[in-house]
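Residue numbers (my numbering): 12 to 119.
Treat the hints as calculated values from the structure; they're not laboratory data.
Check the hints yourself; a few may be wrong.
Claimed, not checked - Simulated pairs of lysine-lysine, BS3-like, Cα-Cα distance not exceeding 25 Å:
#	residue 1	residue 2
1	K87	K48
2	K61	K48
3	K87	K75
4	K51	K94
5	K111	K94
6	K111	K48
7	K75	K58
Claimed, not checked - Quick list of the computed label-pair ranges, beta carbon to beta carbon:
#	residue 1	residue 2	range
8	N63	E108	20 to 28 Å
9	N13	S55	41 to 49 Å
10	I101	K14	56 to 64 Å
11	G57	N13	47 to 55 Å
12	N81	K61	18 to 26 Å
13	S38	N13	40 to 48 Å
Ideal Cβ placement from N, Cα and C applies to all residues, glycine included.
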Amino acid sequence: MNKLSYIIILVFAHLLFSSCIKTETISDFECEEIAMKDFKGLPSYGKVFKENCMERDLVYSRQKCQLAFNDLIYGKGLVEIKKTYGERIINCFNERELEKYAPPTKLK
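Whenever a hint applies, use it, and build me the whole structure from the sequences.
Below is the structure:
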């Protein structure tokens with residue numbers, strides 16, 4: 012085997028094995044965004060959340076989204092929900108939910 016073949020095999024092996032090893036970590040902020048998208052029901056975020064974020068203690072978790080959604084359904088306005096849970100909690104809701112449970116006349 013000549014040197015060129017040996018180098019090509021080494022490069023190929025490196026690319027093959029390095030693609031299998033996940034070196035990138037997901038931050039807590041990204042995990043929170045993933046949790047909120049998963050709560051909205053967006054496809055494929057549940058799997059990413061389970062693989063990378065399940066064991067983390069997040070500020071914006073799926074449980075917090077559920078509590079905020081319950082408050083929204085039971086008549087709390089968005090301003091009060093944001094005060095209770097934080098500004099980013101709005102990312103837990105999709106447009107249809109906001110239109111149905113928090114119409115413009117009910118924003119306070």
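### Violated hints, by number in ascending order, as checked against the structure
Every hint satisfied by this model.
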